[in-house]
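Visitor: Chains as they are written, first to last, in numbering that gives the first Met the number 0: chain A, 0 to 519; chain Z, 0 to 495.
These are calculated hints, taken from the structure and not from any lab test.
Quick caveat: nothing in here was measured; it's all calculated off a predicted structure.
Misleading hints may appear alongside valid ones.
As a list, the in silico DSBU-like pairs of lysine-lysine whose alpha-carbon atoms are at most 35 Å apart [to be verified]:
{"hint": "1", "chain 1": "A", "residue 1": "Lys313", "chain 2": "A", "residue 2": "Lys383"}
{"hint": "2", "chain 1": "A", "residue 1": "Lys221", "chain 2": "A", "residue 2": "Lys172"}
{"hint": "3", "chain 1": "Z", "residue 1": "Lys359", "chain 2": "A", "residue 2": "Lys172"}
{"hint": "4", "chain 1": "A", "residue 1": "Lys196", "chain 2": "A", "residue 2": "Lys71"}
{"hint": "5", "chain 1": "Z", "residue 1": "Lys167", "chain 2": "Z", "residue 2": "Lys156"}
{"hint": "6", "chain 1": "A", "residue 1": "Lys29", "chain 2": "Z", "residue 2": "Lys359"}
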Amino acid sequence: MEVTGFDTWVLSLAVFLPLVGALVIMLIPKAYEMELKLVALGSSLMALVVGAYIAVQFDYGAAGELQFVVDKGWIDVINSRYIVGLDGLSLPLLLLSLVVVPLCLIYSWNHIPDPGNPKAFFVLLLILSTGMNGSFVAQDMILFFVFFEVVLLPMYFLIGVWGGEDRRYASLKFFLYTLFGSALMIISFLALFFLSKDASGELLQTFDMRVLTDVAGVGIIKSTQVWIFAGLFMGFGIKVPMFPFHTWLPDAHTQAPTVGSVILAAVLLKLGTYGFIRIAIPFLPEGAIAWAPWIGLLAVIGIIYGALGCLAQKDMKRLIAFSSVAHMGFVMLGIATLTDFGINAAVFGMIAHGLITGMLFFVAGSIKERYHTLEISRLGGLLKAAPRMGWILGFASMASLGLPGLAGFWGEFPAILAAYNPGAGMPEETFRTYMVIAAIGTVLAAGYLLWLYQRTAFGEPTEEFAGHEIADVNRDEWIAWTPFLIGIVLFGIWPNLIFNVTDDVVSGITATVEAIAAGS
Amino acid sequence: MEALLAFSRPALDWHALAPELTLLAFGTLITVVDIIWDDRSKQAMPTLAGMGLLATLLPILTLAVDGTERSMFGGAYVVDDFSLVLKALFLISGYIVILMSVDYIRDGDYYENEYYTLMLTSLLGMVMMSSSRDLISVFVALELLSIPAYMLAAWRKGGARSNEAGLKYYLMGVFASAVMLYGMSLVYGLAGSTTFGVIAQELGSGAANPVAILGILFILIGFAFKVSAVPFHTWAPDTYEGAPTPVTAFLAVASKTAGMVALIQLVFVAFPGRDDVVQPFFWLIAALTMTIGNLIALRQNNIVRLLAYSGVAQGGFMLVPFAVAAEAPARAVEAVVIYMAIYAFMNLGAFTVVLAVARKTRSGEIDSYGGLFQYAPGLAVAMTVFLAALAGIPPAGGWFAKFGLFRALLDAGGGWAASLGVIVAINTVIAFAYYARILVQMWFQPVPDGDERPIVITGALRAALAVTLVATMAFGVLPGLVGHFGEVSVLSALGG
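Work the whole structure out from these sequences, hints included.
Guide: Structure (structure tokens):
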């Protein structure tokens, strides 16, 4: 598709408008609080409008191809270019990221967590937004790396400045884990740069992700692919996070301010899984085939471990964080099957988890604000005290446990099914075992979520809060939450909205993997 | 007698020597002005010194535009793109250090005129270093840059720590020189010449002669002291802490860069065939320097000491490409040059913030940075950018420097290079842990004594901050700016 006129700018606008907003805010003195907030919201909404334009203009018939591609010189000395573009895999994730940020801004409008300072808070959220949007559209590995890393510092500060009691520990842990992963990731990117050859054996020396997807690692021998994949696995796997690198997540989530948790769950974790689907698997199919059973193993361990972790939690937010580990386990299991079905389910799972867990964190944040505690044993009777919020919590919990008809179902169920019949060249028995374990995981999920709901929402309010007036959902919360709720229902009853968009890209990837598996 | 009469004056290329001569002229001018006008001239000194540096950049520009490689004294002194890029880097770093010094030196009631004369002299030594392709000229340049630095380190003459700093630096420096000279004499004995070209021919082929190995190692160790590589780093923290802060910045950036430049020339021009000696040496030294520098930095409570150890570790990163000098020479030189250029700006920037904050808090403890974001958000953000750059986090400049290391290592390939790459990766993580301690203080902690008066930043510091901040961010977002110079400098150093 020839890109002309305004269309050459749309992706860059969607990525950089929030950053422009952040720069403008930095120039406005702190005292003009309303203006600051309006600029922040305005720039993120403008980015969202651009996103809507992209979604409308997107050629759904050619969802498997990159559209709105821009390819400009950037760092000539290392042959890295400013290449952005989006296809059916990037589009839903970009939209998710574009939607979540303004909603988080609205939610924080009058609820800047202690110690206040809306200026810095909003600037960081906007920078974060640029990093996330950029990661989903970058088609050059170095550009991707830069965006991937831009996300780190704002999140570090969001947790560290506005977080809970243990915020210093949590923010540092988050940062060090991710940094280690990205250092290994950049080594792998460079290895890909130096080792990739085209079909005729010519060295490519390129960071262009389109080219590397096309050659699909043909020039790299299997043992090398396995090593490079290991580096990428560390980079992306820590971000997901996969067992046993997940330990930063419960701490980060528990300590982060509400919108920090929401963005972390809704978008940041997806950078990892997106990396697997966009980079690791298509660039190194043989490495992926070799690693897939192990990824599957870690994924199901994550599912069970996350669920057991949930059952042991006393803190509501920490429980939701552990449920993230379990849910991302399903996503990774879907990816590990290397089948069309499984990876589509994984992408769906990413969106669904983003909406549902984001919603749960929102509710947890609002409960914390009202009760000043998230200790499950001290809560109770939410349905009596604040019925609307109680129902929303119930709804999100049902969605999270994978109730058919809501979005969560379409992420988990097909991922489990896909494991029955994994991609070519993979051990069937192993994956079928994984399938059984994952199915047990869903039962556990129902267990911990219903248990959570019972203890917090049913019955009478505990003595401690018996006399207290607990405010129900307020206006800002309704505005911020409604899109999440609509999304959960909409994608639940009409999953093809996403499957249709992603399938072209995913089937392209799995076709490559199958061809390689058949050839070797 | 015959021989003396037969002496003919070597051909001098005045254009090629113009930068050195300009620098020398300004150094002399400052002294003369000082003698004539005495105290009345004090105000003008920093301006004069700064102008001298900027004036010196002019002939460098004309030489760069001219573009021909100029070689003098039988190849002992070469002006090529490599040397020009580094001369410019030394001068710009020097200029920033002078901006940092203005108020510090004036307010502290220290000798002013001599300070700037010595600074220019030391820079003259560095500028010469980047052209030296001969053992003797390297040694002369080294002493010329070091001896003023010994004195500058002890500039706070009333303070015991500053005296300790100067003395320690001096003793270790002289010891290193002695070791190096011994190595040079061995190499000269074998090669029969002091020029790098001849040494490369004589030593570069065949099995290594034990004497040659000893000679090469001694020379390299001499410079390892200069760049404060572990285990020859012990002087650095005490000297850095005791010396006046602008001098510390000067030592940590310019002086270290000069040592690295000498190492580049030695490794790639004088000993290119001896990678069997050079590579294992640098592998070991680089791994030790990164790791130990970082681990000790974790335990520091004084910010200058922390930056000193971080500087040691950063030096270790710069030494990494030398370990693949033979497999990927072009990439390795490029990586070191790029690293030095970016490091100069990010590290000078960090020191500038330290200076600015110390003007208010009068303290060097990390705890004194508590709540900086509350009362000096600009400085806190600037420091955050510099620390992120030092830690190698995009989009601040340092990531491209680290990227260059990885690129050189992977271009070389092989298990040794890959394992060093993993060590670099681990060290990047360790390094962030201590940079984060400063971030934590600035952003997460309350102001220690509740004193929230804003910090007054003087014009000179503001300028230094602006230059370093813009450069650090520009290198991160458009690394091509610095990458170009890296690429240019590679070709000429390798004679191709």
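Visitor: Decide, hint by hint, whether the structure agrees.
Guide: Hints and how they fare:
no.: 1; hint: A:Lys313 x A:Lys383; in the structure: holds, 22 Å
no.: 2; hint: A:Lys221 x A:Lys172; in the structure: holds, 34 Å
no.: 3; hint: Z:Lys359 x A:Lys172; in the structure: holds, 32 Å
no.: 4; hint: A:Lys196 x A:Lys71; in the structure: holds, 23 Å
no.: 5; hint: Z:Lys167 x Z:Lys156; in the structure: holds, 14 Å
no.: 6; hint: A:Lys29 x Z:Lys359; in the structure: holds, 23 Å
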